[in-house]
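Enquirer: The residues making up each chain are set out below.
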Amino acid sequence: MPANFAPTAIDYIRFLPEILLIAIGTLLMVLEPLIGGNKRTTFSVLTLLGLVGAMAAAIFANDHPGLSFSNMLVVDGFATFFRVLVIGVGIFTVLSSAQYLRREHADSAEYYALLLFSISGQCVMSAANELIMIFIGIEISSIATYILAGYLRDDKRNNEAALKYFLLGSFATAFLLYGIAWIYGSTGSTNLAEIRNALTTGTGPHSLTLAGTAAALMFVGFAFKVSAAPFQIWAPDVYQGAPAPVTLFMSAGPKAAAFAVFLRVFMTAFLPITHRWEPFVWSSALLTMVIGNFAALLQTNIKRLLAYSSIAHAGYVMVAIAAHNQVGTAAAMFYLAAYAFMNIGAFAVITHFSRKGEKYVNVEDLAGLGWKQPATAALFSIFLLSLIGVPLTGGFFGKFYIFKAALDANLIWLAILGLLNGAVAAYYYLRILVVMYMHEPGESTVTLEPLSPGIRATLWAAALGTLILGIFPSLLLNFANSSSALGK
Amino acid sequence: MTLLDLVIFLPLAAFLLILFLPKQHEEGIKRFSLIASLAVFVASLGLLGPYWFSNPGKYVFETDLPWVASPNIHYHVAIDGISLWLVLLTTLLTPICVLVSWKSVHDRIKEFFAFLLLLEFGLVGVFCAQDLFLFFVFWEVSLVPMYFLIGVWGHERRIYAAVKFFLYTMAGSALMLVGIIYLYNQAGTFDYAKILAGLQNGSIAASYNEQFWLFLAFFVAFAIKVPLFPLHTWLPDAHVEAPTAGSVMLASVMLKMGTYGLLRFCVPMFPVAARNCSGWIVALAIIGIIYGALVALVQPNMKKLVAYSSVSHLGFVVLGIFSFTQQGFDGAVYQMLNHGISTGALFIMVGFLYERRHSLEIDAYSGVATPAPHLATVFMITMLASIGLPVLNNFIGEFLVLQGTALINMWWTAFAAIGVILSACYMLWLYQRVCLGKPSSEVSAFKDLNLREYAISVPLILLMVWMGTFTQSFIPSISQSNAVILGPVDAKRDVHVRNDVHGALHAQQTAHPAKEIADAR
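Residue numbers (my numbering), protein chains in the order written: chain A, 1 to 488; chain B, 1 to 521.
FYI, nobody ran anything at the bench for these hints, they're computed from the structure. As the structure is a prediction and not an experimental result, all values here were calculated from the model. Hints are supplied without guarantee of correctness; some may be wrong.
Straight-line distance between alpha carbons at most 25 Å, and here's what the computed DSS-like set of lysine-lysine pairs gives [claimed, not checked]:
| no. | chain 1 | residue 1 | chain 2 | residue 2 |
| --- | --- | --- | --- | --- |
| 1 | A | K372 | A | K359 |
| 2 | B | K30 | B | K194 |
| 3 | A | K39 | A | K356 |
| 4 | A | K372 | B | K110 |
| 5 | A | K372 | B | K304 |
| 6 | A | K39 | A | K164 |
| 7 | A | K372 | B | K30 |
| 8 | A | K356 | A | K164 |
| 9 | B | K103 | B | K30 |
Okay, the calculated beta carbon distance ranges per label pair [unchecked claim]:
| no. | chain 1 | residue 1 | chain 2 | residue 2 | range |
| --- | --- | --- | --- | --- | --- |
| 10 | B | H106 | A | V45 | 30 to 40 Å |
| 11 | B | I35 | A | H105 | 24 to 34 Å |
| 12 | A | S108 | B | I35 | 42 to 52 Å |
| 13 | A | T41 | B | G46 | 36 to 46 Å |
| 14 | A | N410 | B | T63 | 45 to 55 Å |
| 15 | B | L48 | A | T274 | 35 to 45 Å |
| 16 | A | A216 | B | G188 | 50 to 60 Å |
| 17 | B | G188 | A | R276 | 30 to 40 Å |
| 18 | A | E194 | B | L19 | 52 to 62 Å |
| 19 | A | K356 | B | T63 | 50 to 60 Å |
Glycine is no exception: its CB is placed at the ideal position from the N, C-alpha and C atoms.
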C-alpha cells in the first residue's frame, strides 16, 4: 500500500476519458430544463462532442501507459482498445438515435446523459485492474443500461425489458460480488496481479478449491453480462423489448466491455488455474453457439433473431477465451471490434426501418427492400454477409482468428463444431437476404422514407469498417496482437 | 503486376464500375458488360504465350505479395497447364453468358450483369490461387454472386434452390477451413508449395492419422462441389431453377472448382490417404455415373436431364483422378474442359428453346427441326459431343479416363462404360422427342437462330470439333502439369507407401515426370 493516496497529474491524464464523459453527462442533465423546443439537437451535438473528446483522451492516454490511483486502474493497449471501442459504439448510437427519439417524442437530454454514464462505466471496466473497480464499472454501466432499456416509459414492451434485465442482472451481479468476496477471502487481495501471484504460489488444495469456487461464481456473473449459455435467457426478451437504438448499443458496447473484464480477470488472475475453468468455458462456448444459432432459425421478429444471433456470436468469442492463449485474446479483441461494426450496421437498418412504435420489425416486412432502397439493402447485405462470415468482411477474419486460436490450443472438436454452427447460422441470415431481394415489395417497404443523415452516416461508416477489417485486417490486428499479453 | 493479375482484377473493376452506372441505361450496361468480359477474354488469351511453342513445366505469371502480416497470408497467384485452361474456360464462357442473357433477362439488368462479373472474378481467382487462404477467399466469394443469380433471376422454386446451394457449399467449406487452419498452425504459412513440400518431407502432419482426417476435411468440401454421389442433391435443384447464364456458369465452371480442388490439393497433399481411400471414392464415382445417367433417362424436364447428365459426366472426372494414372489424370482434366464446353452449350440450347416456348418440359416440344433447322443442327452437334462421339471433344476425355482406369482395374472400366452407353440413350431420346417428328402448332411458329444466337453457338461448336481433333493443342501442357502431381502417387509404380509417409517422400524424390510421360504414351 502506498503511503500517499493523493493522485498525481498523470493519474488524471490516464483517467481523462471517464472524467470527460461524466462531466458532459452531468452538464446535459443541468441543461435539460434550460434548453427547450427547437434547440433540442444541442443535446445530441454536445454528446457527440463529448464522445469524440473522450476518444481523443483515450488515445492520448495510451501514450502514458501505466497504473493509476493506487494500482486500481491500468492504462495499457488492451484498455485503450476497449475504451476506444465502447466510445466508438457510443458515437454510432448517438447518430442512430436522434431520428428515432424524435419519432417517439422522447428527445430529451436524459437519454444522452444515461448513455454517457453507461459508456463511462464501460471505460472503467476496460481499464480496471482490480476486482472492486471492475464491480463499480459494471454497476455504473449496467444501471444506466437498465434505465435505457425501459426508456420509452409508456411502452409496455420497454417496461418488461427493463424489469427483466434489472432483476436478472442484479442476480448475476450478486454472484459476481460473492465471487469477489471468496477470492478476497482466499488470497487476501482484490488486485488481479496479486491474486495471480497468490494462486501461483499457494499450493494447498484448500486454497485452490476456494479459488475454483470463486472463479465459478465470477464466471456466472460474467457469462450473464456477455449472454453466454446457460445464462443467456434474458437477452432475446430484452433485445426485443428495448428501443431499437438501445438494442444497437447494448449488443455492442456493454457486451464488448463485459468481455474485456472477462478476458482480463480470467487471463490474469485465474491464469494459474486454467485447467479448472477451461472445461466450463469450453462447454459454455459450444452451448452458447448451438442455442443461439438453432433458436435463431425459428424467429420471425428480426430484433429477436438478431438477439439470438448475438448470443451465437458471444459463443464464438467464448471459443477464443476457451483457447486461453495470447492469440485467443487478440482474436477475441479483433472479433468484438468487427462484431461491433456489423451488428451496429444491422441494428441501424432496423432502427431506420421499424417506423413509429416499432411497427415493422418482422423479417417479412423487409420484403423487396433491395429494389426500393438499393443502397440501404446493399449495406445491410454487407453486414449480413459479415455475420455469416463470408471472406473479405471483418466477420470472416474475426471467425478465422478465433478458430485458429482454438486449433492452436488443440481444441479441434470445438473448432469443427463451431464452424459447422456457422453453416447453420448462414440459413437465417440468408432468409433476410431472400426476403429483401427475392420477395415482392409490400406495404411496409413502399411507405419507407429516405434514410436520416445520422443513420446514413452510421451505415456507411459501419460498412466501411466491416470491409476494411475484412480486406486489411492487419491495421487492427497488429495492435490487438501487441496488446493482448495480459498478465505476462 | 503480371497479365494474370489483370485477368483476375479486370472483372472486379468492371463489377465496381457497373455499380456506378445509372440503372436506366440498360443497353449501355449490357454493352459495357460484353465489352468488359470480351476484354478479359482477350487478355486471358495472352496467358497462352509461354505455352505456345514450348512447355514451361512450372508455374508461370507468378505474383507473390504479402497481404496480411500475421497470420502470414499472401496474395500469391500463378498458373500451370491445368489452371491455364480452366481460366480460359471461365473467361470464354463469361462473354457468352452475357450474350445469352441479353434478351432473356428482363428486370434488374444492372444487378444481373454486375453479379455475373463478380462471379468471373471469384472463379478466375480460385483457379490461380497459390495460397490456401487466398484459395478459400475466392472459393467463398464466388458463392455469393451465384446465390443471387439463382435466387433473384431463377424460376419458381429459385429461393429453395439458392439457399440449398449456399448451405451445402458452406457446410463443406467449414470443414475445409478447419483443415487449412490446422495446416497453417503446423507449417506457419499458407503457401501451397511450402505446405506441399512440408507434407512430403514429413515436417508437418507427419502421422497417417492426421493426414487421413485432413484429407477427409478437404475431400468433403470438394466432393460436395463436384458433386459426388450421394452429396449431389443440391445440383439438380440449383441447375433447374437458375437462369440460363447461371446454369451455364454453374455447370461449366463452378463444378470444376470441386474436381480442380481434388486434383490440386487433395491428391498431392495427402497422397497416402488418397490412395487408401481410392476404392471407396471410385465406387461412389461409378455409382454417380450410372445413377446420374439412369435418372437423366426418366426426366420429363430438359434442364433436369442435363443436370443429371452432369452428375454422370463428373463421375468420369473423379474416376480419372482416383485411378492415379497419367492417362486418367489427363482424361480427367480434359473432361473438365469438355464438360464445360458441351454441357454449357446444352444449357444454352435449352435456354434457346425456353425463350421460344417458355417451357422446360420435353412434352411441350416436338419437331423443332422443321421450323428451325439450324437450331436443330447445333443442338445435334452439341448432343453428339456430350454423348462422346469420336471427332468431338468428349470422346477424347472419356477415352483417356477409361484407358487410365483399365490399367488399374478392368471392372471399373466396364461399369463406367455403361454410363457412356446410357448417355447415348438419354441424349438421343431427348433429341428425338424435341427435334424430330411432326411440329405442334406452337413449335411451327419458332424462328430459327438469329445473329446473336449464332455468335453464341458457333464458337462453342468450333471448339468441340477442335478439341476433338487437334488434341495436341491442349494435352501436352495438361500432361506436363499432371505428371508433377502424379509423381508421388502413380498407381503403376510399385511403391509400398501404405501407412508410411516417408515412403511417399522417397517415391517423390525418385520420380521422373518426363519418363512417366514417355511411358504413358
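Enquirer: The structure should be examined with respect to each hint, and the outcome stated for every one.
Expert: Hint-by-hint comparison with the structure:
| no. | hint | verdict |
| --- | --- | --- |
| 1 | K372(A) - K359(A) | holds (18 Å) |
| 2 | K30(B) - K194(B) | violated (43 Å) |
| 3 | K39(A) - K356(A) | holds (22 Å) |
| 4 | K372(A) - K110(B) | holds (15 Å) |
| 5 | K372(A) - K304(B) | violated (34 Å) |
| 6 | K39(A) - K164(A) | violated (35 Å) |
| 7 | K372(A) - K30(B) | holds (22 Å) |
| 8 | K356(A) - K164(A) | holds (24 Å) |
| 9 | K103(B) - K30(B) | holds (10 Å) |
| 10 | H106(B) - V45(A): 30 to 40 Å | violated (48 Å) |
| 11 | I35(B) - H105(A): 24 to 34 Å | violated (55 Å) |
| 12 | S108(A) - I35(B): 42 to 52 Å | violated (57 Å) |
| 13 | T41(A) - G46(B): 36 to 46 Å | violated (59 Å) |
| 14 | N410(A) - T63(B): 45 to 55 Å | violated (35 Å) |
| 15 | L48(B) - T274(A): 35 to 45 Å | violated (58 Å) |
| 16 | A216(A) - G188(B): 50 to 60 Å | violated (37 Å) |
| 17 | G188(B) - R276(A): 30 to 40 Å | holds (31 Å) |
| 18 | E194(A) - L19(B): 52 to 62 Å | holds (57 Å) |
| 19 | K356(A) - T63(B): 50 to 60 Å | holds (54 Å) |
Consistency note: the structure conflicts with the earlier hints numbered 2, 5, 6, 10, 11, 12, 13, 14, 15 and 16.
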